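For the record, the sequence lines run as chains P, W and V.
Okay, so the first sequence: first residue is 0 according to numbering that gives the first Met the number 0, each after it adds one.
Okay, so the second sequence: first residue is 0 according to numbering that gives the first Met the number 0, each after it adds one.
Okay, so the third sequence: first residue is 0 according to numbering that gives the first Met the number 0, each after it adds one.
Be careful, since some hints might not be right.
As the list claims (entries may be wrong) - In the SDA-like style, the derived pairs of lysine to any residue whose C-alpha atoms are separated by at most 25 Å in a straight line are:
{"no.": "1", "chain 1": "W", "residue 1": "LYS196", "chain 2": "V", "residue 2": "LEU295"}
{"no.": "2", "chain 1": "W", "residue 1": "LYS1", "chain 2": "V", "residue 2": "ARG127"}
{"no.": "3", "chain 1": "W", "residue 1": "LYS437", "chain 2": "P", "residue 2": "GLN129"}
{"no.": "4", "chain 1": "W", "residue 1": "LYS437", "chain 2": "P", "residue 2": "ARG112"}
{"no.": "5", "chain 1": "V", "residue 1": "LYS232", "chain 2": "P", "residue 2": "PRO223"}
{"no.": "6", "chain 1": "P", "residue 1": "LYS231", "chain 2": "V", "residue 2": "TYR231"}
{"no.": "7", "chain 1": "V", "residue 1": "LYS232", "chain 2": "P", "residue 2": "GLU224"}
{"no.": "8", "chain 1": "W", "residue 1": "LYS216", "chain 2": "V", "residue 2": "ILE116"}
{"no.": "9", "chain 1": "P", "residue 1": "LYS231", "chain 2": "V", "residue 2": "LYS232"}
{"no.": "10", "chain 1": "W", "residue 1": "LYS435", "chain 2": "P", "residue 2": "GLU110"}
{"no.": "11", "chain 1": "W", "residue 1": "LYS437", "chain 2": "P", "residue 2": "HIS109"}
{"no.": "12", "chain 1": "W", "residue 1": "LYS1", "chain 2": "V", "residue 2": "ARG121"}
{"no.": "13", "chain 1": "V", "residue 1": "LYS226", "chain 2": "W", "residue 2": "PRO344"}
None of these hints come from the bench; they were simulated from the model.
The model shown is predicted, which means the values in this text are computed figures rather than measured ones.
Listed here are the chains, written in short residue letters.
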Amino acid sequence: MKAKDVKPGKVIRVLDASTRPIDPATGKPLEPRAQPGYYPGYDVLSQQAFWDAATRKVVLDRVRKIPPIRFFTPDETDLFRAVCDRIIPQNDRDSDHQIVIVNFIDERLHENRLDGYRFENMPPDQKAYQLGLRAITEIAQHLYAKSFLGLTTLEQEFVLKTVHDGNPPAGHDIWKRMPVHRFWHLLVQDIVGIYYAHPYAWNEIGFGGPAYPRGYMRLENGDPEPWEVEEKRYEWEAPLGSPSADYGAIAGMSEHPGAPGQRGTH
Amino acid sequence: MKTPLFGAFGAPGPKHMLGAMQSIDGRMRKYGNQGEVDFCIVGVGSAGGVLLQRLARAGFSVVGLEAGPLWDTERDWVSDEAGSHKLYWNDLRITGGEHPLTLGANNSGKGVGGGSVHWAAFVPRLHPSDFRVYSEDGVGADWPICYEDLKPYYELLEREIPVSGPAYFPWGDPHGYPYGPHPMGGCGDILINGCTKLGIRVCIGGPVAILAGSHGKRPHCIYRGYCIQGCKVGAKQSTLISHVPNALEHGAEIRDSCMVSRINLARNGSSKSGTVTGVTYFDSQGHEAEQKAKAVIVCGYAIETPRLLLNSACPGFENGLANSSGTLGKYLMAQAGNVVLGRFPELIRMYKAPPAHAMTEEFYETDTKRGFARGFGIQTVGPLPIAFARQMTIAKGAWGWGMRRVMMDYNHWGAIALLGEILPWPDNRLELAAEKDKYGIPVTKVTFNLHDNDKKMIEYGKNKVMEVMSAAGAEEVVQEQRYAHLVGAARMGSDPRTSVVDGFGRTHDIPNLFVCDGSVMPTQGSANPGLTIQALAARTADYLIAQSQFGLKKGAHSSETPRIRYDLSPPDTWGKGVPHLK
Amino acid sequence: MKAHDKFGIVRSTIADIPVDAEHAAHEITVHIREGRFQRSLALIAGFTGGMSGLEVAYEHYKGSYSNAIMYTPVILSQALLIAGVSGAVSRRAARTILPTVSAITLVDCAIGFGFHIRGIQRKPGGWRLPVFNIIMGPPLFAPLLFGMSAYLGLIASFLRRESASRFARPGRVPLPTVSRLLPAKVQRDEIIELQEVREGRFQKHLALSTAFATFFSGFEALYSHYKNNFKYKIQWSPIIVAGLLIGASLGAIWKPKVAKRLLPTASALAIANGTIGFCYHARGITRRPGGTKRLLYNIIYGPPILAPLLFAGCGFLGLLASMFRRER
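Using the sequences provided together with the hints, build the complete structure.
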């Protein structure tokens, strides 16, 4: 999105240089790319003729058919989009290759598509999102006396980090209705679930994608299939001072095993 | 090649496909719900599928009611992680306790084939010691049956599935497998490297219910790594592709998308005894209907089975059917399934090959030196990107740029997992909540707490798995706590005061009501329960067939072990396979 | 420096070798040239058959013997081994058991080839994914490669024994019973052909067989090494050598000169390459996860240990062809 297209108060994705990852060799921001990641030239979608029809439809629909917003209000949508942009930042992607997240979560909530359970101390997912977004607004107000959308990306990250760390400075009445770490989990698990379901993200991480009727033949030693590419690494650093670049335990999780959302792995 | 010969693969043909080659012609015997059938099976999953096939083949009229669809694997299943959400039981359940279980994708399936549609298909047997945990270790419970009772059924099901694995499996009761082992993928190599360095014996290439070789109309595995998204190839066994086609050929009816709401009972006067007459269910259009049956077998798995029995409470059975002991819904178990993730300097690409392909049971049995009863196994897993990203949100607390960075290294990570035995405790339970589902049936509330022995086991096991990962050469090792599988809550036992069903799955309270699924297991070992569930189903079927001559509605004529019926196996079971240790 | 002996055989001067050894080498050449090496060829057929049988045994193990017919080549390979050894010991066995077992094995190989084609078709995507399914499906030409041993056994049954006098007229070969059903003219041609085999005059025939065997073996090397992403440059070598040997064998059919010069060189290269390949495969097996501690699994699922030796066997076949006389 170009700056002139952005309506006042609706600043969503400004590809401002300071929000982009940095090339450590020059100290300058990296140019946005069609495809970040270490597998330049790799294109999962180029293999779609080898997929079965049902899979091809599901994956292509995901790329081409963006569902309309039906659950969130317009204000919530803008706010949530900004939150998604911090949980999975895409400032290193050019505007043609950014992955839409909000609409798919909105669709899930609109259709009440559940994951099969709800923690006893959590409200229904829809309510949890509404409450959570309200709490984020309150934290932004508390820390910076501004709306979340009015903050710089770094400030937005600091707001979210308080939720990640389990010590949000505001929204206490909301956190009485749902545990902070459970909300954080709902949020990040939904968002990463949408981002890494997208073929652009598969290209970024070098994932082989759908594999039927054609399977894989080079099973060991990380060898690429004939249609995959070798890894070509490059150095990059997160924007200066970004708190999400560091890894850290989520408060409350170590005492609370049984984390939500993992698909069965065995 | 830019495309397959003759262009992209097109839409599937008109046939109802179960796997790449096998089709069912769509004609199915219909009993209608006016008359009374011999058996009504509630839930056509791992156990239900086997029972349906056995009973139909033996000539009984059988109707299977399944809450989910009768899948057409070509149309309904996709080779995609997010697109496979519909395979799981996603309806609302409330989960709580100190260490709440996650449900849905983690452990329950919906649709014909049930959980076997999305299991990773590790199929180890229980050990002989698993059947007498209380006698040996003073914890948990004893089974009313012993290993030798189940052993012939393990052997039979291993042929019917058929199981691929080594010719010699050294733990428990040593045995070999009818199909050969699989080649290794990245995670298998990690487990073998780590275990070999530490001097831990490791089992390569199985045992898994994934074909290493063709089997009738099921092809050899194509090593695509989408086992838990439903195997479109038909190489991984689910009862949908191994037993259901044969059941339909022999006149079984499956009514899919039918949710059973209660089991109906005819009470003997005002006494606390009675016989079941059939079930009430909501059909695929949402209309309420009734199916009468001489006997009802509930195969709904550890949550839906107790939920249905609890919801069928009626005068004389106020606490739910078959609950005179008060143990229904209690002693629910999950296994500890901590996933240990390691980053390697070299590429792994763990999305290739089935997630399940190497394991060790070296730590399975009780070792008093470790300070806790029972043990654990270590197995390969192979999380696809979404599962891996979600694991990273917990294992590393990743989000934002940190998440993007670790995911760019997805191909450098490998994963192996703990599978630890959590003991049965009465406070790990499920009950009916006040909230109701779309049919008006109360949803389940599950409560789960880890006890001291469980915590010690998890701590020790987790560290051992991390040690293996480090020994394999990982430069960074992290882990995520989770659970795997779900059994118990309608346990079998010889004492009606402390258990729900007897050793054959017959409820102590009602002679023609049976339970047959993972919920009957009194303890769980550290073996994946799939094979045990199917073996128990085959055994219950043999018992039902043997007892039928005395009338299906009557109580046990004898509790003698029935003759095992080798003649009821699906076709292609016999006359092939590799030489192996018996 | 070359010399022609009185029989017109080209002999390289091998001055460093003691006279006895030189003499012995000369003797062998003459025996082969004149078709008097039934015992040796029966042994060779038996042992190559036994060896490919081992490979079949573990390759079919990887396919879980999911069809009982998969046991037949394993059993027949051992029968061929026994028949080959008996053929070496007894003239009678060489005329009876050896050709019978060889013929049955050939039929089994043809059936196996059919099953392997079907096996590829039955994989998801079938022949529409030829590259992937040939690599991951049943090895397409392996049954035919195994058939080469049976073919050698059949040839051996028509040869003369080493002990036969070189000056006696080679006796006539009784025609196989089935041939009696054929028209008289075909029978006559067959008798001439068999007689030529008996006299060691079938260079062109064997050169063609070498070309086929090398193609089967080289094709397997090509797709197996492709499956392994040609991780080591040396994995290209059997493919290049196979090309060379196929060229030399086909050339040998046209020109005697090629048969005498290029064919033995290419064959020697193939033998050397196969031997080196064997060492690399053995090393590859020990370097797998678990290494020698999981030897059996790693032999079965690692680089195929016997495949390079079978490739070397093709070189041996070429060498043999180069030593024969040409058909009249």
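Results of checking the hints against the structure:
1. W:LYS196 - V:LEU295: holds (18 Å)
2. W:LYS1 - V:ARG127: Judged against 25 Å, a Cα distance of about 12 Å means the pair holds.
3. W:LYS437 - P:GLN129: holds (23 Å)
4. W:LYS437 - P:ARG112: The given pair, whose Cα atoms are some 13 Å apart, holds under the 25 Å limit.
5. V:LYS232 - P:PRO223: holds (17 Å)
6. P:LYS231 - V:TYR231: holds (20 Å)
7. V:LYS232 - P:GLU224: Answer holds: LYS232 (chain V) to GLU224 (chain P) is near 18 Å, not above 25 Å.
8. W:LYS216 - V:ILE116: holds (16 Å)
9. P:LYS231 - V:LYS232: holds (21 Å)
10. W:LYS435 - P:GLU110: Holds, at about 18 Å.
11. W:LYS437 - P:HIS109: Roughly 16 Å separates the two Cα atoms, so the pair holds.
12. W:LYS1 - V:ARG121: Holds, because 22 Å separates the two Cα atoms, which is no more than 25 Å.
13. V:LYS226 - W:PRO344: holds (23 Å)
Checked against the numbered hints listed earlier, the structure breaks none of them; every hint is satisfied.
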